[in-house]
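S.K.: What follows is the residue order along each chain.
2 protein chains.
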Amino acid sequence: MSHSNFKAFVFDAYGTLFDVHSVIEKCNELYPGKGEAISRVWRQKQLEYSFLRQLMGKYATFLAITRDALHYACKEAGAELTEDTEKQLIDSYLKLQHYEETEEVLNKLQTYRTAIFSNGSFDMLNPLVDQSPFSSLLDEVLSVDEVKQFKPTPMSYQLVLDKLGVRREEVLFMSSNTWDIAGAASFGFYTAWINRQGKVMDELGVKPHYEYGDLRGILAHVE
Amino acid sequence: MSHSNFKAFVFDAYGTLFDVHSVIEKCNELYPGKGEAISRVWRQKQLEYSFLRQLMGKYATFLAITRDALHYACKEAGAELTEDTEKQLIDSYLKLQHYEETEEVLNKLQTYRTAIFSNGSFDMLNPLVDQSPFSSLLDEVLSVDEVKQFKPTPMSYQLVLDKLGVRREEVLFMSSNTWDIAGAASFGFYTAWINRQGKVMDELGVKPHYEYGDLRGILAHVE
Chain G
1 MSHSNFKAFV FDAYGTLFDV HSVIEKCNEL YPGKGEAISR VWRQKQLEYS FLRQLMGKYA
61 TFLAITRDAL HYACKEAGAE LTEDTEKQLI DSYLKLQHYE ETEEVLNKLQ TYRTAIFSNG
121 SFDMLNPLVD QSPFSSLLDE VLSVDEVKQF KPTPMSYQLV LDKLGVRREE VLFMSSNTWD
181 IAGAASFGFY TAWINRQGKV MDELGVKPHY EYGDLRGILA HVE
Chain B
1001 MSHSNFKAFV FDAYGTLFDV HSVIEKCNEL YPGKGEAISR VWRQKQLEYS FLRQLMGKYA
1061 TFLAITRDAL HYACKEAGAE LTEDTEKQLI DSYLKLQHYE ETEEVLNKLQ TYRTAIFSNG
1121 SFDMLNPLVD QSPFSSLLDE VLSVDEVKQF KPTPMSYQLV LDKLGVRREE VLFMSSNTWD
1181 IAGAASFGFY TAWINRQGKV MDELGVKPHY EYGDLRGILA HVE
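In order, the protein sequence lines correspond to chains G and B.
The opening position of the first sequence corresponds to residue 1 in the numbering used here, with each subsequent residue numbered one higher.
The opening position of the second sequence corresponds to residue 1001 in the numbering used here, with each subsequent residue numbered one higher.
If you're looking for bench data, these hints aren't it; they were derived computationally from the structure.
Bear in mind that the values here come from a model prediction, so they are computed numbers and not experimental data.
Each residue gets a CB set at the ideal place from its N, CA and C atoms; glycine is no exception.
Some clues are possibly wrong.
[To be verified] Straight line, CA to CA, 30 Å or less: simulated BS3-like cross-link-like pairs of lysine-lysine:
| hint | chain 1 | residue 1 | chain 2 | residue 2 |
| --- | --- | --- | --- | --- |
| 1 | B | K1075 | G | K207 |
| 2 | G | K148 | B | K1148 |
| 3 | G | K58 | B | K1148 |
| 4 | B | K1075 | G | K87 |
| 5 | G | K108 | G | K87 |
| 6 | G | K148 | G | K87 |
| 7 | B | K1058 | G | K207 |
| 8 | G | K34 | B | K1148 |
| 9 | B | K1199 | G | K199 |
| 10 | B | K1034 | G | K34 |
| 11 | G | K87 | G | K34 |
| 12 | B | K1058 | G | K148 |
| 13 | B | K1087 | B | K1007 |
| 14 | G | K75 | B | K1058 |
| 15 | G | K199 | B | K1026 |
| 16 | G | K58 | B | K1026 |
| 17 | G | K7 | B | K1058 |
| 18 | B | K1087 | G | K207 |
| 19 | B | K1199 | G | K26 |
| 20 | B | K1163 | B | K1007 |
| 21 | B | K1007 | G | K207 |
| 22 | B | K1087 | G | K199 |
| 23 | G | K58 | B | K1058 |
| 24 | G | K163 | B | K1058 |
| 25 | B | K1163 | G | K199 |
| 26 | G | K148 | B | K1007 |
| 27 | G | K199 | B | K1207 |
| 28 | G | K34 | B | K1199 |
| 29 | G | K58 | B | K1163 |
| 30 | G | K87 | G | K26 |
| 31 | G | K26 | G | K7 |
| 32 | B | K1034 | G | K58 |
| 33 | G | K7 | G | K108 |
| 34 | G | K34 | G | K7 |
| 35 | G | K199 | B | K1075 |
[Said to hold, decoys possible] For each label pair, taking beta carbons as the anchor points, the in silico distance ranges come out as:
| hint | chain 1 | residue 1 | chain 2 | residue 2 | range |
| --- | --- | --- | --- | --- | --- |
| 36 | G | E76 | B | L1219 | 25 to 35 Å |
| 37 | G | K75 | B | R1167 | 47 to 57 Å |
| 38 | G | Q110 | B | E1169 | 57 to 67 Å |
| 39 | G | G188 | B | D1123 | 23 to 33 Å |
| 40 | B | Q1044 | G | R216 | 53 to 63 Å |
Just need the whole structure built from these sequences, with the hints factored in.
M.R.: Okay, structure coming up:
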């Protein structure tokens, strides 16, 4: 299939358009010297809990999971989480910094369907997108919460097709997360791995179709 | 329910009866200075790949996954994996050290049903158990490979009931892995978390019924 046949450009949110580790500053402000550890474990457990709850059949919203993961990260770091610090940290998750090239890239995709497709629930995804400069450049913001199926289950990716009215081979899906790329490629999307940190691809039996250092790489697929 | 009503004592294998990090020595022998990192990432990816493949609907045996995870760990560490070093490392996984108290504890459980219930496939689980001194003290060695459902899905734990012919509340399930404890408790087993390293319990909405520093703790439930 030629790249010019893509009809929809679909983006993961966390780690792909928004930098999840931009909370380090707030973590360090509240817990001096522990910010990096808390931020790292917070993200790790957030992902792990979404996978495990899906496997256990105990779905909870990504916001609830994000809060649970923060509790774990603070306990492990020996940092006391109060009602106030929890509120500040969760708030900072609603204002994550976006990667600088996002607006420019979305601007060049305006003749295509564009969407975010995220594990995030709308109560965290909408505030995040609304405060970004590219909110109006997206046709759709899609959340797995509508089907209560976290990525990378096949049923989660199906939501993209149902909502955008395209076929799977017409989708180019972007994510920085290797597990998300594996899930999307396994489902049948074309995939572009946004590998910002020069990481190693996971060994899950599927490879990304394309790999770029940042989002600008996907403009090679735009006419 | 009183503890004396337990009919079956069921043990996770990796991390619970056998020390997964006893491969560090072999890793260090083959890749000096990188053994700890390789061993840590190997285990982390082994677990992650089992979760992700289950979510993606792409089951593979735990032995295949263990090999994939080793490939990732070596790539990330910049260590070249040859056919020979791969064989040596996989072989060392079939000879993991057991925790010292295992034999004593299993000996005291001989009037109950005892079983291993593991994500490991028989091609790695059987050699491991056979080379241990307590092989004859176990009634059953159960593998999720029979149902192609990795823990912590409810369908995986169901295998224990089907094979042992007991009801879920008659089972005391032991694991060092917090995600396994969460899955088993969520399914309806009684659970004893063997917390050897004083870790923090995960925030998955379920707690272990009991927590012990090693396997001897469960002898409190033996008449």
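S.K.: All hints, please: hold or fail.
M.R.: Outcome of the hint check:
For the hint pairing K1075 (chain B) with K207 (chain G), the CA-to-CA distance comes to about 15 Å; that is within 30 Å, so the pair holds. Note on K148 (chain G) and K1148 (chain B): the hinted pairing holds, with a Cα-Cα distance of about 23 Å set against a maximum of 30 Å. For the hint linking K58 (chain G) to K1148 (chain B), the alpha-carbon distance of about 20 Å falls within 30 Å, and the restraint holds. Straight-line distance between C-alpha atoms of K1075 (chain B) and K87 (chain G) comes to about 40 Å, which puts the hinted pair past the 30 Å bound.
Proximity of K108 (chain G) to K87 (chain G) is assessed by CA-CA distance (about 37 Å); at most 30 Å being required, the pair is judged violated. For a cut-off of 30 Å, the pair hint linking K148 (chain G) to K87 (chain G) stands: about 25 Å separates their Cα positions. Between K1058 (chain B) and K207 (chain G) the alpha-carbon distance is near 14 Å, which keeps this suggested pair within the 30 Å criterion. Distance hint between K34 (chain G) and K1148 (chain B) is unfulfilled; the C-alpha atoms sit about 41 Å from each other, more than 30 Å.
A hinted pair counts as satisfied when its Cα atoms are at most 30 Å apart, and K1199 (chain B) with K199 (chain G) qualifies at roughly 28 Å. Using a Cα cut-off of 30 Å, the hinted pair K1034 (chain B) and K34 (chain G) holds, with the two alpha carbons roughly 26 Å apart. Between K87 (chain G) and K34 (chain G) the CA atoms are separated by roughly 18 Å; this keeps the pair inside 30 Å, and the hint holds. Among the hinted pairs, K1058 (chain B) with K148 (chain G) is consistent with the structure: their alpha-carbon atoms are about 20 Å apart, no more than 30 Å.
For the suggested pair K1087 (chain B) and K1007 (chain B), the alpha carbons sit about 40 Å apart, so the restraint of at most 30 Å is broken. For the hint linking K75 (chain G) to K1058 (chain B), the alpha-carbon distance of about 34 Å lies beyond 30 Å, and the restraint is violated. Taken as a hint, the K199 (chain G) and K1026 (chain B) pair is honoured in the structure, with Cα atoms around 26 Å apart against an allowance of 30 Å. Our distance criterion of 30 Å between C-alpha atoms is broken by K58 (chain G) and K1026 (chain B), whose separation comes to about 39 Å.
A C-alpha spacing of about 28 Å is found between K7 (chain G) and K1058 (chain B), which places the hinted pair at or below 30 Å, so the restraint holds. Taking the CA atoms of K1087 (chain B) and K207 (chain G), the gap is near 25 Å; set against the 30 Å cutoff, the hint holds. Straight-line distance between C-alpha atoms of K1199 (chain B) and K26 (chain G) comes to about 26 Å, which keeps the hinted pair within the 30 Å bound. Among the hinted pairs, K1163 (chain B) with K1007 (chain B) is consistent with the structure: their alpha-carbon atoms are about 13 Å apart, no more than 30 Å.
Annotation: proposed proximity of K1007 (chain B) to K207 (chain G) is violated, straight-line Cα distance about 47 Å (limit 30 Å). Straight-line distance between C-alpha atoms of K1087 (chain B) and K199 (chain G) comes to about 26 Å, which keeps the hinted pair within the 30 Å bound. At most 30 Å may separate the alpha-carbon atoms for a hinted pair to count; K58 (chain G) and K1058 (chain B) meet this at roughly 21 Å. With a C-alpha separation of about 25 Å, the suggested pair K163 (chain G) and K1058 (chain B) falls inside the 30 Å cut-off, and the hint holds.
Distance restraint check for K1163 (chain B) and K199 (chain G): the Cα-Cα separation of roughly 43 Å exceeds the 30 Å cut-off, and the hinted pair is therefore not satisfied. Restraint check for K148 (chain G) and K1007 (chain B): not satisfied, since their Cα atoms lie roughly 37 Å apart, outside the 30 Å limit. The hinted pair formed by K199 (chain G) and K1207 (chain B) fails the criterion: a straight-line CA distance of about 35 Å is larger than 30 Å. Among the hinted pairs, K34 (chain G) with K1199 (chain B) is consistent with the structure: their alpha-carbon atoms are about 18 Å apart, no more than 30 Å.
For the given pair, K58 (chain G) sits about 25 Å from K1163 (chain B) by alpha-carbon distance, which is consistent with the 30 Å threshold. The hinted pair formed by K87 (chain G) and K26 (chain G) meets the criterion: a straight-line CA distance of about 11 Å does not exceed 30 Å. In summary, the hint linking K26 (chain G) to K7 (chain G) is not supported, as the alpha carbons are separated by about 39 Å, beyond the 30 Å threshold. A threshold of 30 Å between alpha carbons decides the hint, and for K1034 (chain B) with K58 (chain G) the separation of about 38 Å lies outside it, so the pair is violated.
Between K7 (chain G) and K108 (chain G), the direct Cα distance comes to roughly 14 Å. Compliance with the 30 Å bound is thereby established for this hinted pair. With a C-alpha separation of about 44 Å, the suggested pairing of K34 (chain G) with K7 (chain G) is violated against the 30 Å cut-off. Between K199 (chain G) and K1075 (chain B), the direct Cα distance comes to roughly 10 Å. Compliance with the 30 Å bound is thereby established for this hinted pair. The beta-carbon spacing between E76 (chain G) and L1219 (chain B), approximately 30 Å, falls within the hinted interval of 25 to 35 Å.
One distance hint, 47 to 57 Å for the beta-carbon pair K75 (chain G) and R1167 (chain B), is violated here, with the actual separation near 34 Å. Q110 (chain G) and E1169 (chain B) have their C-beta atoms about 59 Å apart, which keeps the hinted 57 to 67 Å range intact. In this structure the supplied range 23 to 33 Å holds for G188 (chain G) paired with D1123 (chain B), their Cβ-Cβ distance being about 31 Å. Restraint check, Q1044 (chain B) to R216 (chain G): a C-beta distance of roughly 31 Å breaks the suggested window 53 to 63 Å.
Hints 4, 5, 8, 13, 14, 16, 21, 25, 26, 27, 31, 32, 34, 37 and 40 from the list above are not met by this structure, while the remaining hints are.
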